[in-house]
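Peer 1: Protein sequences, first through last, are from chains A and B. Going by this note's numbering, the first sequence runs without a break in its numbering and finishes at 296. Going by this note's numbering, the second sequence runs without a break in its numbering and finishes at 547.
Calculated from the structure, these hints are not laboratory results. Remember, predicted model here, so these are calculated numbers, not experimental data. Mixed in with the good hints there might be a few duds.
[What the hints assert, rightly or not] Derived, one-sided and incomplete: chain B residues facing chain A with beta-carbon distance under 7 Å:
#1 ILE317
#2 LYS382
#3 GLY384
#4 LEU400
#5 TYR479
#6 LYS510
[Unchecked claim] A short list of chain A residues far from chain B (calculated; beta carbon distances all over 10 Å):
#7 VAL116
#8 ILE118
#9 TYR190
#10 ARG224
#11 THR279
#12 VAL281
[What the hints assert, rightly or not] Computed list of lysine-lysine pairs in BS3-like fashion (alpha-carbon distance at most 27 Å, straight line):
#13 A:LYS109 to B:LYS531
#14 A:LYS18 to B:LYS390
#15 A:LYS109 to B:LYS382
#16 A:LYS73 to B:LYS310
#17 A:LYS109 to B:LYS310
#18 B:LYS422 to B:LYS341
#19 A:LYS18 to B:LYS341
#20 B:LYS483 to A:LYS109
#21 B:LYS311 to B:LYS382
#22 B:LYS382 to B:LYS422
#23 B:LYS427 to B:LYS349
#24 B:LYS539 to B:LYS311
#25 B:LYS427 to B:LYS310
#26 A:LYS18 to A:LYS109
#27 A:LYS73 to B:LYS382
#28 B:LYS390 to A:LYS73
#29 B:LYS510 to B:LYS311
#30 B:LYS539 to B:LYS310
#31 A:LYS18 to B:LYS382
#32 B:LYS311 to A:LYS73
#33 A:LYS131 to A:LYS171
#34 A:LYS69 to B:LYS483
#35 B:LYS302 to A:LYS73
#36 B:LYS390 to B:LYS302
No residue lacks a Cβ here, since even glycine has one placed at the ideal position from N, Cα and C.
Listed here are the chains, written in short residue letters.
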Amino acid sequence: MASVDIAQGRRVFLLNIKPLYIENATADCRARLYSLPLFCQVIMDADLVQHIHQCRELLVTHGLSTVSKRCHKVSCFFEITGTFHPEFLVDLQVTEQSVSFVCRVSPYKTPYFQSVGIPISVITGADLQLKTADLHLNAQSDQSALIRLIDSKTEQLHLLYDALNTLEDLKNQLETVNSTDVDLSTSEFYQYQHQVHTSIVSKELQARTLEHEIETLCKQFLWRLFSIMPGDWLYSYSGRPKRGQSQIVYESASYEHGAVYVSGKAITQKGEVGKRDDTIVIWLKHDEHIVKDQRN
Amino acid sequence: MNISSKISEISQAKKRRAALIFHSRRIEGIDVQPQNWGDTINLVKALFKELKKRRFGIDINHWGEIVLTEPERHIQVFLTAHQRLKPGIVEDIKNRLSHADYLLADDIYKARPVQLEFLANRLHAKRHTLKCSLQAELFNQDLCEMADQIMHSVAGLRDKARPLFYGDLMQITSEDILCAVRYGAIKLGPSSQLAYLIRDATLNCLPTLELNSKELIVTAVYQRRAYSLDEQSRKLLAMFFPKVMAEDISQ
Numbered sequence: 001m002a003s004v005d006i007a008q009g010r011r012v013f014l015l016n017i018k019p020l021y022i023e024n025a026t027a028d029c030r031a032r033l034y035s036l037p038l039f040c041q042v043i044m045d046a047d048l049v050q051h052i053h054q055c056r057e058l059l060v061t062h063g064l065s066t067v068s069k070r071c072h073k074v075s076c077f078f079e080i081t082g083t084f085h086p087e088f089l090v091d092l093q094v095t096e097q098s099v100s101f102v103c104r105v106s107p108y109k110t111p112y113f114q115s116v117g118i119p120i121s122v123i124t125g126a127d128l129q130l131k132t133a134d135l136h137l138n139a140q141s142d143q144s145a146l147i148r149l150i151d152s153k154t155e156q157l158h159l160l161y162d163a164l165n166t167l168e169d170l171k172n173q174l175e176t177v178n179s180t181d182v183d184l185s186t187s188e189f190y191q192y193q194h195q196v197h198t199s200i201v202s203k204e205l206q207a208r209t210l211e212h213e214i215e216t217l218c219k220q221f222l223w224r225l226f227s228i229m230p231g232d233w234l235y236s237y238s239g240r241p242k243r244g245q246s247q248i249v250y251e252s253a254s255y256e257h258g259a260v261y262v263s264g265k266a267i268t269q270k271g272e273v274g275k276r277d278d279t280i281v282i283w284l285k286h287d288e289h290i291v292k293d294q295r296n
Numbered sequence: 297m298n299i300s301s302k303i304s305e306i307s308q309a310k311k312r313r314a315a316l317i318f319h320s321r322r323i324e325g326i327d328v329q330p331q332n333w334g335d336t337i338n339l340v341k342a343l344f345k346e347l348k349k350r351r352f353g354i355d356i357n358h359w360g361e362i363v364l365t366e367p368e369r370h371i372q373v374f375l376t377a378h379q380r381l382k383p384g385i386v387e388d389i390k391n392r393l394s395h396a397d398y399l400l401a402d403d404i405y406k407a408r409p410v411q412l413e414f415l416a417n418r419l420h421a422k423r424h425t426l427k428c429s430l431q432a433e434l435f436n437q438d439l440c441e442m443a444d445q446i447m448h449s450v451a452g453l454r455d456k457a458r459p460l461f462y463g464d465l466m467q468i469t470s471e472d473i474l475c476a477v478r479y480g481a482i483k484l485g486p487s488s489q490l491a492y493l494i495r496d497a498t499l500n501c502l503p504t505l506e507l508n509s510k511e512l513i514v515t516a517v518y519q520r521r522a523y524s525l526d527e528q529s530r531k532l533l534a535m536f537f538p539k540v541m542a543e544d545i546s547q
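All chains should be built: construct the whole structure from the sequences, respecting the hints.
Peer 2: Below, the structure written as structure tokens:
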């Protein structure tokens, strides 16, 4: 399949349809107002793939969750008329993991159905171009600022975690207080307990947002350094005996102790996306080679 | 029978065919991409001329459905021009999509030239494809062969059999009105009168619908209601049924 299609540079996908925001889907068929197509046909040529790559770049550089764009390479097949409907509007919707199409046909004013998502690895799998990258890179001035930002944020996060631990200890102590020691009937005690609880909740929220920020910063960092995006296939060979080789689909990135951990589903020997998770470690700071070079 | 008036009826009905996704039965007719429209119309026009010589009756529906009537035994034949997928392929796609979210299919995209098909108004009748191509020049011989093909296949049919669709295909049925009302309900928004009509509970018990220029009459089992139409919905229904709406105004 693959060799023929790549030569033409065009592939045709048929996608399942799922309804969006339809309220009375189970109402009687004669009063039914939403007519859903059987499937959606997408002509995936080089032009559309380029659009998708542009949207993915926007995702990484601005830290967005979805990017959508008007698209004209899609048509919808209706079983009741047996034809592809002549008038429809389609928006291409790109997330980090998949590409889907949000559509509406002419009399409707808002989109009311969506195609299922095609994983990005399927789309990028067509043009397999291997890029090589050296992991022992000196962090340039542009990237070192980013690393410093990530460092400061992780410090903040650790401080938050410490605060959370102490607060939770306090909460546990308050729960196990004997009624003989303290008079529990006063409202002050309950107010204090309530304050501790709310501060724990707010700090957890802060920690979650910080984690998200650090992850987006890591993705930006990887994009600037190696120009890789979530959904790309990575292959690394570090020369170490145990975890020497690993090949993964890049899904998420995290930063800890001067190293970026890129993790995702492992690729099997057949060249398919497997079920196991695997990680690739990129050392940034505490690598001895880099420190030596800087000294010289 | 004036052929150019028939052709103009087909092109007038073209704008109404966008509403066919709300209709309960499949309506035959010309469904082609805008770039193939002119060529297809020329071919159909030439075929009509040939069929007129053979004393075929040609009728055009308000949906732009082409119904040919055979002269000897008055068997009705539908003529369609489309870029449809083959019916077997649709079943196959349905089956495969129930197991997977998406599939790669190049062959389906390739096999979509404009085709002329005809279907006799008989239960379980087979669809036949006419051998023709849009790009080739039209010779009389080709048209003769196409007309012959229709005549031969109709000659093989039995005299009396159950039809695929009962009743007069030229009349406006209550299904047609319901389809237009559904289209209007979507187009004019949820606060419009037609959207209110579609939520009427009597629609569940298969009523008969009738249309005047002023009102829509819903006759269910025990009740008969007449809704007087407002200007917005009258305008929209006049797009679908211009003759009905115009007649009563003149009176």
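Peer 1: LYS73 of chain A and LYS310 of chain B: Cα distance at most 27 Å?
Peer 2: Satisfied, since the Cα-Cα distance of roughly 23 Å is no more than 27 Å.
Peer 1: Against the 27 Å threshold, does the CA-CA distance of LYS109 of chain A and LYS310 of chain B hold or violate the hint?
Peer 2: Holds - the C-alpha atoms of LYS310 of chain B and LYS109 of chain A are around 21 Å apart, at most 27 Å.
Peer 1: Given a cut of 7 Å on the nearest C-beta pair, is the interface hint for ILE317 of chain B held or broken against chain A?
Peer 2: At 4 Å from the nearest chain A Cβ, ILE317 of chain B passes the 7 Å test, so the hint holds.
Peer 1: Take a quick look at ARG224 of chain A and tell me if its Cβ sits farther than 10 Å from every Cβ on chain B, holds or violated.
Peer 2: Holds, since 33 Å exceeds 10 Å.
Peer 1: Please verify whether LYS302 of chain B and LYS73 of chain A have alpha carbons no more than 27 Å apart.
Peer 2: 35 Å, violated
Peer 1: When you look at the beta carbon of VAL116 of chain A, is every beta carbon of chain B farther off than 10 Å?
Peer 2: Violated, because the least Cβ-Cβ distance between VAL116 of chain A and chain B comes to about 4 Å, which does not exceed 10 Å.
Peer 1: Per the CB criterion, is LYS510 of chain B less than 7 Å away from chain A?
Peer 2: 24 Å, violated
Peer 1: For the pair we were handed, LYS427 of chain B and LYS349 of chain B, check the Cα-Cα distance against 27 Å.
Peer 2: 20 Å, holds
Peer 1: Is LYS18 of chain A within 27 Å of LYS390 of chain B, Cα to Cα?
Peer 2: 14 Å, holds
Peer 1: Given GLY384 of chain B as an interface hint, is the shortest Cβ-Cβ distance to chain A below 7 Å?
Peer 2: Violated - the Cβ of GLY384 of chain B stays beyond 7 Å from chain A, reaching only about 13 Å at its closest.
Peer 1: Per the CB criterion, is LEU400 of chain B less than 7 Å away from chain A?
Peer 2: 6 Å, holds
Peer 1: With chain A as the partner, please determine if TYR479 of chain B meets the hint condition of a C-beta pair closer than 7 Å.
Peer 2: 6 Å, holds
Taken one by one, the earlier hints fail for this structure at numbers 2, 3, 6, 7, 8, 15, 19, 33, 35, 36, listed in ascending order.
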